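Use these hints to put chain F onto chain Z, whose structure you have.
In case you want the letters, here they are:
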Amino acid sequence: MIKLKTGDYIVMIGVVVITLFVFLLNVQRSYVSKHMEVQVKVGGELIDTFDIGYDMTKVYETHFGINKIVIKDGEVYISDADCPDLICVHSKHVHKNGEGIVCLPNRFSVEIVGHEKGEVDAVSQ
Amino acid sequence: MQFRSKTQKMAFLSLIAAIAIVLSYVERLIPSPLPLPGMKLGLANIMTLSALYYFKFKDVLTIVLIRVLVVFLILGQAMSLLYSFAGGMLSLIGMFLMLNSFKKFVSPIGVSIFGSFLHNVAQLLVLAVVMKSISISINYAPFILLTSIGTGFFVGLSSTFFIERILYKLENNQLKL
Chain Z
1 MIKLKTGDYI VMIGVVVITL FVFLLNVQRS YVSKHMEVQV KVGGELIDTF
51 DIGYDMTKVY ETHFGINKIV IKDGEVYISD ADCPDLICVH SKHVHKNGEG
101 IVCLPNRFSV EIVGHEKGEV DAVSQ
Chain F
126 MQFRSKTQKM AFLSLIAAIA IVLSYVERLI PSPLPLPGMK LGLANIMTLS
176 ALYYFKFKDV LTIVLIRVLV VFLILGQAMS LLYSFAGGML SLIGMFLMLN
226 SFKKFVSPIG VSIFGSFLHN VAQLLVLAVV MKSISISINY APFILLTSIG
276 TGFFVGLSST FFIERILYKL ENNQLKL
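The listed protein sequences correspond, in order, to chains Z and F.
All residue numbers for the first sequence refer to the working numbering, where the first residue is 1 and numbers rise by one.
All residue numbers for the second sequence refer to the working numbering, where the first residue is 126 and numbers rise by one.
The hints are simulated quantities; they were obtained by calculation from the structure and are not laboratory data.
Only a predicted model underlies this, so the values are computations on that prediction, with no experimental measurement involved.
For every residue, glycine included, the Cβ atom is placed at its ideal position computed from N, Cα and C.
Among the hints, a few may not be true.
Claimed, not checked - Only part of the chain Z face toward chain F is listed, based on derived beta-carbon distances under 10 angstroms:
#, residue
1, L4
2, Y9
3, V11
4, G14
5, V16
6, E45
7, C83
8, V89
9, S91
10, V94
11, E111
Excised from the complex, chain Z in its bound form:
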């Protein structure tokens, strides 16, 4: 049907390799600890910070739009929004460091930021 040349395969493999690299970067950066903070940002500016251990929900009304976040059982998610695509609402609930959910039309983001990795400082070998 279609003839794929060598260059095509190189491009495909290249993209896969880079994707894999970024994926590993994600894995390496993500961990779960009790001292994680949830940061709420609008337009890049930090509005609120919460501890992930305390369940709560809050509604944010900005001149961009409305977003409602929920922190429950160590998970964070956006439960409602007034944006047209609602991608933020349907996104996976996040619970690891580095993860986040973003609502592009409302320039609203909620991400998990962590501190030191657990209680272990170093591992002797």
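Frame of chain Z; chain F shown alone:
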């Protein structure tokens, strides 16, 4: 591609841009299977890519700029212009350079995958700057970049057909309308 006059060329480029604009509109009607921000088929790039095979960079740049501007005016929200522009430009420059140097080694499919990859990279970078956090971009990156292979493949395939069955025949006066 040769034209009888500058006006005729301008009219043809406008036609290509118009098709690109309609494609941008139509692809919004297709529901997205995954909740990823900024994931789309990028059908308008079929026009960009096909044009790169027949026109100089300057002309294709005009098509892209017109498309980005008009699509934003018709159905954009505030930030979408920035994302479309960044993605479209990086993708255009990348595809042009690839065709310039490696035309013999790639088919439109490979160029297209490269183009959609760059488009998504540019959008992730803009996201990082706007949200002032590289963390979210890195978080979404693997999924978005992986889909770029699929959409790039489809766009490249469509471009191949468009080039073979329309543009090539148009250039050689073989098109029966």
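Is the hint on V94 of chain Z kept, meaning its closest Cβ partner in chain F is under 10 angstroms away?
Where the cut-off is 10 angstroms and the nearest Cβ of chain F is about 8 angstroms from V94 of chain Z, the hint holds.
Verify the interface restraint on C83 of chain Z: the C-beta must sit less than 10 angstroms from at least one C-beta of chain F.
Cβ of C83 of chain Z sits 9 angstroms from chain F, so the hint holds.
Interface hint compliance - Y9 of chain Z to chain F, C-beta minimum distance less than 10 angstroms
At about 8 angstroms, which falls below the 10 angstroms cut-off, the nearest Cβ of chain F leaves the hint on Y9 of chain Z intact, so it holds.
Answer holds if the nearest beta-carbon of chain F is closer than 10 angstroms to that of V89 of chain Z; otherwise answer violated.
Holds, about 8 angstroms.
Under 10 angstroms is the threshold here; is the Cβ of V16 of chain Z close enough to any Cβ of chain F for the hint to stand?
With a closest approach of 7 angstroms, the V16 of chain Z hint holds.
L4 of chain Z as an interface hint toward chain F, with CB separation required under 10 angstroms
6 angstroms, holds
Classify the hint on V11 of chain Z as holds or violated, based on whether any CB of chain F lies nearer than 10 angstroms to its CB.
4 angstroms, holds
So, as I understand it, the hint says S91 of chain Z touches chain F; can you test that by seeing if any CB pair is closer than 10 angstroms?
It holds, given that the least Cβ distance between S91 of chain Z and chain F is near 5 angstroms, below 10 angstroms.
Mind checking the CB of E111 of chain Z against every CB in chain F and telling me if the closest is under 10 angstroms?
6 angstroms, holds
Would you settle whether the hint for E45 of chain Z is holds or violated, based on the nearest Cβ-Cβ distance to chain F being less than 10 angstroms?
8 angstroms, holds
Does G14 of chain Z pass the interface hint, meaning its C-beta sits closer than 10 angstroms to a C-beta of chain F?
Holds: closest Cβ of chain F sits about 8 angstroms from G14 of chain Z, inside 10 angstroms.
Hint compliance for this structure: every hint is met.
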